[in-house]
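Chains as they are written, first to last, in our numbering: chain L, 1 to 450; chain H, 1001 to 1251; chain C, 2001 to 2400; chain F, 3001 to 3373.
No lab work stands behind these hints, which were simulated from the structure alone. Certain hints may be false.
Taking lysine to any residue and the SDA-like style, the derived pairs with C-alpha atoms no more than 25 Å apart in a straight line are [unchecked claim]: (1) L:LYS331 to L:GLU73; (2) F:LYS3368 to H:ARG1070; (3) H:LYS1071 to C:GLN2234; (4) F:LYS3367 to H:THR1086.
Covered stretches of chain C, going by a simulated chain L footprint (3 or more residues, C-beta under 8 Å) [said to hold, decoys possible]: (5) 2044-2051; (6) 2138-2145; (7) 2163-2176; (8) 2269-2277; (9) 2346-2358.
Pair ranges (Cβ atoms, derived) [as the list claims (entries may be wrong)]: (10) C:ILE2014 to F:ILE3013: 53 to 59 Å; (11) C:GLY2170 to H:MET1113: 47 to 53 Å; (12) L:GLY78 to F:VAL3108: 30 to 36 Å.
Predicted model, so just to flag it, every value in this text is computed and none were measured. C-beta: ideal position from N, C-alpha, C; glycine also.
The primary structure of each chain is shown beneath.
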Amino acid sequence: MSNSRLTRRGLLKTSALAGAGLALPTIFTASSAAAFTNEPTGSSVTLGFNVPQTGPYADEGADELRAYELAVEHLNGGGDGGMMNTFSSKALQGNGILGKKVEFVTGDTQTKSDAARASAKSMIEKDGAIMITGGSSSGVAVAVQGLCQEAGVIFMAGLTHSNDTTGKDRKANGFRHFFNSYMSGAALAPVLANAYGTDRKAYHLTADYNWGYTTEEAVKASTEAMGWETVAAVKTPLTQTDFSSYIAPVLQSGADTLVLNHYGGNMVNSLTNAVQFGLRDKQVNGKDFQIIVPLYSRLMAKGAGANVKGIFGSTNWHWTLTDEGSKAFVKSFGTKYGFPPSQAAHTTYVQALLYADAVERAGSFNPCAVAEALEGFEFDGMGNGKTLYRADDHQCFKDVLVVKGKENPDSEFDLLEIVEVTPVDQVMYAPDHPQMGGPEATLGTCNAGA
Amino acid sequence: MAILEVKNVNKRFGGLQALGDVNLSVEENSVHAIIGPNGAGKSTLLNCLVGKLTPDTGSVMFDGQSVLGRKPYEINQMGISRVFQTPEIFGDLTVMENMMIPIFAKRDGAFRMHAIESTANEKGVIEQAESMLEDMSMIDKQHMHAAAMSRGDKRRLEIGMCLAQEPRLLLLDEPTAGMARADTNNTIDLLKQISDERNITIAIIEHDMHVVFSLAQRITVLAQGTPLVEDTPDKIKGHPKVREAYLGESA
Amino acid sequence: MFGLNKKDFNLFLIVIALTMLAPFILNPFPAGSGMAQFNAGYPDLMQRFVIFGIFAIGFNILFGLTGYLSFGHAAFLGVGSYGAIWMMKLVTLNVIPAIIMGVIVSGVFALAIGFISLRRSGIYFSILTLAFAQMSYALAYSVLTPITGGETGLQIKPTDRPIFSNLEEGEIGRANLFGLDMRSSYELEVGNWAFTFNTGYYIAAIVMILAFYLSIRIFRSPFGTMLRAVKSNQTRMNYTGLNARPYTLAAFVISGMYAGLAGGLLVAMDTQVGPERMFWTASGEVVLMTILGGASTLIGPVLGAGLIKYMENILSKINKDILHQWFAFLPDGIEDFLVTIVYPFIGKGWHLTLGIIFMAVVIFLPGGLVEGGKRFMDFVKRKKSKTPPSDESAQSTPAE
Amino acid sequence: MFKSGTPLTSLAITAGGLIGFFVLMIGLVGVNAVLLQTLDGLSKGSAYAMIALGLTLIFGTLGVVNFAHGALFMIGAFCAVTLSKFLTLSKEVVDESKTDFLGNPLKVNVPYVNDLFGEATGATIIDWAVPLSLLFAIPVMILVGIVMERGLIKHFYKRPHADQILVTFGLAIVLQEIIKFYYGANPIPTPAPSAFSGSLDFGALIGMDPNLIIYPYWRIIYFVFAALIIGAVFAFLQFTTFGMVVRAGMADRETVQLLGINIDRRFTLMFGLAAAVAGLAGVMYTPINSPNYHMGMDFLVLSFVVVVVGGMGSLPGAVLAGFLLGILESFASMREILDVLPGINQIIIYLVAIIILLTRPRGLMGKKGVMEE
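Could you put together the complete structure from these sequences and hints?
Given below as structure tokens:
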């Protein structure tokens, strides 16, 4: 056991009283000596990476985990440094965080809020994690964010696209780098108008749960604003695997555009089914029939195979971006693992770095100090251009990529091509926007635990 | 006085007339046998008495009350117990528990939520069960799983369970079917004893004439769903119609 | 004692001892050592052990006694949780009314579903319960979002102001028992060991002890005998003047209320509910817990629940780095080889290990973990007495 | 009571109900939509019916609660994945004109079949991977079924259902984890031959406006394929000696054994047959939805519902219920219905299952006494 992991418990070894006698019981709620939950006292600090390792999003979870491991390596001064070199803030030294070596624990969210919370709690209670990050769905993100708020640790959301995460369910201890439904809608609309005209009849198929609702709302609002008409919006069950009965009536309705507000397995299946029906070969109202997928994930899109060709959607980041940050990240990830990173990997890597940087700048692991350092923080060099971590709702504002399924991919990773980089101004909204929970939505107050 | 009165009962299954105008009355404290060849409708009749089947027409009165439209457990609570052709006991339970259940049913009715009391503290019930097991001479087997016993023992247990309810009418459906001669005789003795000592009316469906004639005071002969004759055993023995029904037209 | 016979009383004492000393028993390895990974003595998991223990005990009252296999029991857990969290959001943050609310809501729900489902038996009953639970899940996830929170579930928010509370502006309410915070803990350090005594855990543990005690009483009551009679022979039941329906319905409702109690406790320990709690896999999980531990035994379901939750929470957290640390003392080649061999079974492969354990238990230990324990005890006894193996142990395996 | 138990009456009731239902639906949403959704229901029902048929052979007749049946469906689908991976086994050729994501020269994969048969033929073979997999899947699935029965299930015929659930659930988890280990968790695209892409315009065929009633070719093929398989299984059980013995064995196992017939061996083969039916359903399903490792679990609960609604021990019941639930699910997904009853698409199958089980105690065509205890 040469390099045993040092956890909070591990540190007790050094701090425990000499002799085997009973130490004084300490209560670590209100009256504890520690300033905040899981204050690192030894030479290392533990981060909790909570990602789906089983269930339908296991592959995305695995990619997130790879990115985290890479981030830890870079933070501890290993590897080529990746985006630390291109990051506009130069607080990180490659000597861990505040000089403490970064260690990590992993857990399985199973894409279930209960399991995700159990896993996060175990990281906080057993392993002494000072920050929790990861996840691949909004249900999990909201659940774990709430937990971190209660426990007094920072939550850096992974892949979560629902408006709610930084909308009506926003929390003072939670931060999201990933974009959201509203931004997808706002970024897509002009591109769609450009490509398909402003006189379109859209038919929405929407996953029947919160994320689906917010996405449908956002896409509807922004496409209607530029003149599209919404013919129908039909809700589909999350557990649906075969969407044929939902797609079959689309042509009868007189719609000429199909919007699939689906994610993950739902998206792969509904898109495959829609293409199967030959919708894209049809002409309606004298126009070519089109399909749109508001949120693309390259990993999942791979499951739809050739069906994605020519289909518009939005994405948070794509490895073909040519800015310095993206190039550095792709190089260091690709060299280590042999394939390019996904957007899930990108957002989690960036989140890990942003957290570390905020700690360095705050000079403390105290979650409230870290939150303060992140709030209103502007940075660049992380692959999305100039980015702002808005203080009002802890949402990152940055350029959004509108992409299209590539017609002639060079490799199995080369599925999407970037159509447009929508500038951040176009996707900006007010913190009390009705889609974001309106004026009632509040961050609450920062909780440092202890 | 007749404790069981069956009047004009008819039952059809599709095209098959299973019971046609059955009339039957069972006197209190008698042993009444119902015999007849296979397919004569004996079991159908029995099922009509205990509520498993409902006759299409006719009435079944027990002690002045109609049993029709009542569920088996309600009819049982009225005082009719049934012994099955193959013993129906609680195989997963011990003999003692088997015996306690009818006693609870007698005491508490069809349902009672006695979920907190301990069975071990039900001294009265335990004593009654023990005494009944002694009567059945099975007290030494009280901790055995009922399913592990011999068929004869299962039969004794089932009869004992029925008796423990202190029924007014005990219905037996071929209680000695498939038994060895010695077991059959034991069962006959047991039933005789019951009828003598316990003030219980017994109605028995039986194939085995030896059993019937050893026990019954009155006999009803059923053929093709209709009662042929009803009389005392002596008269039945020589009755030409009975011989015909059993032996075909050779009589 | 307490109306229990000697054997049951001993078992009860053992359960009390195990739950009260759980922080010690579940933390056998010194913190910081390589084996500390296997320590389960942290509040969240200990709470889950006892709460899912309650869930499984309740399920066993229905399944173990009456033989009716409900495949939708998670619905009662979920409904109980929703009831409890609404109580906390609207009325009071004290956990007792919330838990009581959970029990009541799921009891009523179980009464309605049981009344309909118990019109059928066997597999038809199972499918009816499954159908009701799946409907509850699907609706909770989608159209009932205003009540259930849908995908993102329900939590206590800074804007929630229960009637009986005096929260400051913006403060998020915390579950408490007359002011005692569920999350407060004592930390005891002994040498290299650290033991956590958590308020929430002890409250849940006391509830579980009471629930366990109640289940012993039910098992040993005339009512329990009647339920076993239902399982054994419904025909005889009917012809003994007993109405099986109210007995099974009572068992169903009791078991639903146990599930609601577990659901309420989950909320009391961790104020959050999500609809996945009602998915069929969650219903299947409690079935597996009960069978794995030993259906119709008193302690079996608790053991089964413990094993499954342990696997889920401990095994899934082991990753490759940890493996490398464990085998670091070995030469590199062997280390890598061992890591490669073990890796598929841990972390993201924990399901595989779970599946293998299910199969192994049912193949080698018919009757579940309790049966395994019995065999072990027999083995120990035989060794002690040095007598040749008797037939008794062979017979202790139920043939059917 | 005898009458209401006959399959004919239940068919009549179902048919009568369906006709009334269709008339109502046509009134509500128009004839086009009804035609389209019926078509869709039939294709959806094909998958349900095939899986339920196999499950009934094992569950409804052998009395084994087989939670691993969904896994058999999944393994079938991965037979197709495996074959198409095998056919696309490639050597790497460096294409200097392009670069990969790290800026190195791009390595292009050239399948060996192209070398063997030339580029055109090779591409055709790869294109036809799914239909070709049928040939590959039949022996594999029968073997899987037989090994499963001999190695595991055999020992559980007389064990309680609880034990069967635990062991088959464990097996299902192990099987899907093995698949996940090799193929990952994401769906793997396995397209149909390009000849079958696109859809058939039924409306135009019968003289209506184009685009009103279109349906994908592959789904029509799937329906025909399902009909063939179901017909073949019925014919096999009806007209062969083997089938007769098996049917007799289902009715009364002991008597058949007393006649000196080795029913166990035949049951083993039947398990193989059931596995093959599930597997073939899986192979043909791959172009409809990209297979992933948990697709079996997605179908598992549904297939149990279908079998039970059809009635335990009844093969025609399982098929009937499969198509019935397929059609109802399709109808429930129409927006005209959803406007009136929001969320009905979430619960329709379960709701119908409850109604059927409450009105018909043993499902549509169930046999008395099968798994009622």
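Hints the structure fails to honour: When the structure is compared with the hints, none of them turns out to be violated.
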